[in-house]
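Protein chains: 4
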Amino acid sequence: MGDISISNGDHHAAAVGVQRKSCWYEEEIEENLRWCFALKSILHTGASQYQDIQLLDTKPFGKALVIDGKLQSAEIDEFIYHESLVHPALLNHPSPKTIFIMGGGEGCKRREILRHWAVEKVIMCDIDEEVVDFCKSHLVVNKEAFYDPRLELIINDARAELERREEVYDVIIGDLADPIEGGPCYQLYTKSFYEFVVKPRLKHGGIFVTQAGPAGIFSHTEVFSCIYNTLRQVFKYVVPYSAHIPSYADTWGWVMASDSPFTLSADELDLRIKQRIKGENRYLDGKTFTSSSTLSKAVRKSLDNETHVYTEGNARFIYGHGSAYKQQH
Amino acid sequence: MGDISISNGDHHAAAVGVQRKSCWYEEEIEENLRWCFALKSILHTGASQYQDIQLLDTKPFGKALVIDGKLQSAEIDEFIYHESLVHPALLNHPSPKTIFIMGGGEGCKRREILRHWAVEKVIMCDIDEEVVDFCKSHLVVNKEAFYDPRLELIINDARAELERREEVYDVIIGDLADPIEGGPCYQLYTKSFYEFVVKPRLKHGGIFVTQAGPAGIFSHTEVFSCIYNTLRQVFKYVVPYSAHIPSYADTWGWVMASDSPFTLSADELDLRIKQRIKGENRYLDGKTFTSSSTLSKAVRKSLDNETHVYTEGNARFIYGHGSAYKQQH
Amino acid sequence: MGDISISNGDHHAAAVGVQRKSCWYEEEIEENLRWCFALKSILHTGASQYQDIQLLDTKPFGKALVIDGKLQSAEIDEFIYHESLVHPALLNHPSPKTIFIMGGGEGCKRREILRHWAVEKVIMCDIDEEVVDFCKSHLVVNKEAFYDPRLELIINDARAELERREEVYDVIIGDLADPIEGGPCYQLYTKSFYEFVVKPRLKHGGIFVTQAGPAGIFSHTEVFSCIYNTLRQVFKYVVPYSAHIPSYADTWGWVMASDSPFTLSADELDLRIKQRIKGENRYLDGKTFTSSSTLSKAVRKSLDNETHVYTEGNARFIYGHGSAYKQQH
Amino acid sequence: MGDISISNGDHHAAAVGVQRKSCWYEEEIEENLRWCFALKSILHTGASQYQDIQLLDTKPFGKALVIDGKLQSAEIDEFIYHESLVHPALLNHPSPKTIFIMGGGEGCKRREILRHWAVEKVIMCDIDEEVVDFCKSHLVVNKEAFYDPRLELIINDARAELERREEVYDVIIGDLADPIEGGPCYQLYTKSFYEFVVKPRLKHGGIFVTQAGPAGIFSHTEVFSCIYNTLRQVFKYVVPYSAHIPSYADTWGWVMASDSPFTLSADELDLRIKQRIKGENRYLDGKTFTSSSTLSKAVRKSLDNETHVYTEGNARFIYGHGSAYKQQH
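Protein chains in written order, with the numbering used here: chain G, 223 to 551; chain W, 223 to 551; chain S, 223 to 551; chain V, 223 to 551.
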């Protein structure tokens, strides 16, 4: 009577067979576009003073950190984002000893930075203590990075912290929310911020790198091209690059900037990776960076032609914003 | 700088404002119809030898037990189902002392039955020990019912158990899965089962009641009308009744049958509720049952005209079934 | 080589087999609850001065009229709504010759009313000419009703029209949007509207009936109980009743009111249906109305205890409303 | 009374304000991953002997051709796919006069090919006449290409057609469905097909190019690496390349193969584009192809290490396939 199966269960139980997924995480990439992951479980939900936080366990992308309803990083492909954010700048610097990170509460940046033998000191400055604590408790994979003695964690607004400090850094990394409406966030993407706050805190030969929003063939006009154009008003050498990140359902962008030229060939980059980084990169090597920093025709053209510069009174935003935005525009 | 909010979070965080729900439970009511609840959390998932089990915490309906991808009962409206299944039969019986329940692992039936002062013994027979244990651990609300000394819990196939026993009962309650394809479940809805297994185990004046599937204006033809018609081949008096259950997105049906007539008026039913049941019903009273057992024109007509009788070789099924079904029909 | 099938189609075509539904209509019943129908096609979309209009062809419910993102009526079960709205009032009236309908652009009300032999004149007053025209063009099933010589169609605000007119009616039917935020719609549900606009336009013995929003075991507290309570401040005899409508995923409510008593038994209602209505009802007969107007314990209790009365400065709303609502409350 | 808006519409109309999208196209990219587009309309649905066909009008991606529930090409980004499939091969060939396309019913390939001044003859061979006719009628943008005198359209299985023909071609293009389970489609991706059917039909110096399935950082192991590895068993020079296509929610792959070396630099490619192609490419130029054909570390590694070769008895499949697949693997 092995196949009696559901004869004696409760009312309206379903038939045998391939079971459909029933629990889903759903994100509105844009108003007209949704991206949905089957859910294994909802590990934690919480809210800080600033943001709603969720840690989900998803079937396609593993554990996923969601802040204010937007996927921040997913277990199986965060290495693409974080290797791309951290390594090109540190490898192009002749000797990256001191690093300042704006944002970056969830810890993966630190993990990548601390893999560099040369690094002596990392200041991480995030405004949201609860997110930092949440990630420290729940994202086991990055735990080590939280306890490395080279790391100093500051809870403060990044701008205020940089303005207050007098020391200078080899590399400054911006891992901030995209410039969006309704908060002063875009103030951390403006020409004056780069010119009067960031640049003075870079040592001679120092490099600034920032995440720069979606960089797909259509989506790069949202903020990527403007961040690029704003940075080239302030720095002599500016390198935009991008990579497809499956869990974001898009190609993502970063921009690296300095007053010293970026001259490494793919082979030289590979050599520095070997000499300077503990363990092996999963995503980034010389050829990968060549490909990432060679943008497609359409994107190159837009970037060349971009005239918008972020200033305090003048910002361009990505999708996800309410009434204030509509009233302004 | 109180409103700096997300300036210093991580990349691509969303704007403030009304947050869209991002985690959902989704059920296919039919192939072309879905019913989706925002999720607070996924409390437990498991699998027994027979079925997949999930306990969800949903926003619209509270905690929800899902078996094989189908909602079984939801915290905020299970009282409608369970009061409807249990009380009409027990109240119509002059003195319901011994009760046999087929199925009913999740415990709400027992809770309702044990509210009757007259009840001396309840045999609950469910084939799936793991579901019973799962519910015992996780459905706090019904815990008490699991430990009432009047309750005897048997893990066995309900048919085998009834065939094996010699004692007779005042009321037998069928809380089994709907008659579906691919398993012998419909064997617990056949004329021969009712005639040769159930009826002999009823005392003189005994009452049988069973859940009878969806009973909506269209959905009642799936199994409700056939269960009704099958029972009226076997019992002299048969009463079909129904109630809208919000979490099922449908009206649900039950059928009560006996060889003694059902003669209680609404007022007499109310009196018996007062005299016999501990605590107060939330759903069922005399008028409610009058309404429930007065079916609408379309449904009454279908039931009157139904000619199908469940036999071993001949069943009608509800939605949710694959290739075997299609090949047969 | 008969089964070569997709060897020569285009790139990434899918496998053979049961095809998943890919086009869906999705409605947010509440913020946390969605109801989704597989789509055959989107027949028409449009927008009037007042509302967005869509005519969809859905797999589970046939053609469906959607206004402002909310299902209004679906081909396969609109008869439940429309027979319930129209027939109880007309049948309870001794001789319903003149009828005034507020709203009702899509035509099904008229169809039902015009089935009554006794009816001599029907004034239908809808504010939205485009919706009326849209329905006239696209809802073939009701076309006949649009051309019946007894029908007079007025494009105006119902309140203004009733105030302007001097004639009186046997039956007035309210088929207006639920009392919702952001417009004066709730003004057509207030005590003063009923007292000073509707009642004076009823002949002696006249009957007023209105749709009254969701009437489910939980949802009836949204507006149903308040509409009921407001009407009983104005009329001597008030009868609330309800029916489950599958395509609404809920039980729906209506309230009928008069200063003459409602005394028909189920059998008398059946007799009048036979004598007075052309063709056969699909849903409503005497027993059905007995059941519909016998509310369940929980709903009866709420209605008895309801103290809220709609006045101009004081309304209660159903789900689906934006910023104005939030600012007010 | 301008704002009376919905006071006089039909029952339960919703509030004014930002309207939620209610009609959606939903695709299961994988079992656990969904990609959903808001729908403007369903333009056409049909079914051929081989496949189900839908032409949708979507909000994020414009008109979209869906075959068997899988998006084939979307108006706003099909140029990425089609420029990538066609131009690298034609540009690398010294003088591409005769072209054979396997598949490609929807017409965009032809449009791209016919932009090359050098091309004298294009044979397009698709098995599904109805799809070809459907696209001819409904995809206005490609209409011109259907009537170019250089084009010859054959309705036949591509393998049979190539085997039957004696002439040889400069370029053969494979735009076939991915090698999937349940049909002989993978036979058009096998080593023996490439060796004994395709290669003999190439002129000396001829080039073969094929779409090669998803090529994302994880998805490239589904079929891309195997198609690459199979082709390098047969041809001396094999170039895999990829591009992110937004409407596919993935990076897509192609493989180009020949017995003559591919030696064009980015600048030479740009020069040939200028000289040989009518109009301007939107996506492809020299630098874009450099980037596309420089795969990331993880993908390069997988391709280098791939050992699987498609043979008649031995295939690897992409997502979308039922029980037969699971039994085999």
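Hints may contain errors.
For identical chains, the list gives no copy identity; a pair is met inside one copy or between any two copies.
[Claimed, not checked] The list that follows gives simulated cross-link-like pairs (lysine-lysine, BS3-like), each with its CA atoms no further than 30 Å apart:
| hint | residue 1 | residue 2 |
| --- | --- | --- |
| 1 | Lys523 | Lys500 |
| 2 | Lys458 | Lys285 |
| 3 | Lys319 | Lys509 |
| 4 | Lys458 | Lys262 |
| 5 | Lys509 | Lys262 |
| 6 | Lys358 | Lys281 |
| 7 | Lys243 | Lys285 |
| 8 | Lys523 | Lys509 |
Keep in mind that the hints were calculated from the coordinates and are not lab data.
Verification of the supplied hints:
1. Lys523 <-> Lys500: between (38 Å within a copy, 20 Å between copies)
2. Lys458 <-> Lys285: neither (40 Å within a copy, 43 Å between copies)
3. Lys319 <-> Lys509: This pair counts as within: shortest intra-copy Cα distance 25 Å, inter-copy 34 Å.
4. Lys458 <-> Lys262: Intra 48 Å, inter 46 Å, cutoff 30 Å: neither.
5. Lys509 <-> Lys262: Result: close neither inside a copy nor across copies, 36 Å intra and 42 Å inter.
6. Lys358 <-> Lys281: For Lys358 and Lys281, the Cα distance is within 30 Å both inside one copy (23 Å) and across copies (29 Å).
7. Lys243 <-> Lys285: This pair counts as both: shortest intra-copy Cα distance 17 Å, inter-copy 19 Å.
8. Lys523 <-> Lys509: both (23 Å within a copy, 12 Å between copies)
Checked against the numbered hints above, the structure violates hints 2, 4 and 5; every other hint is satisfied.
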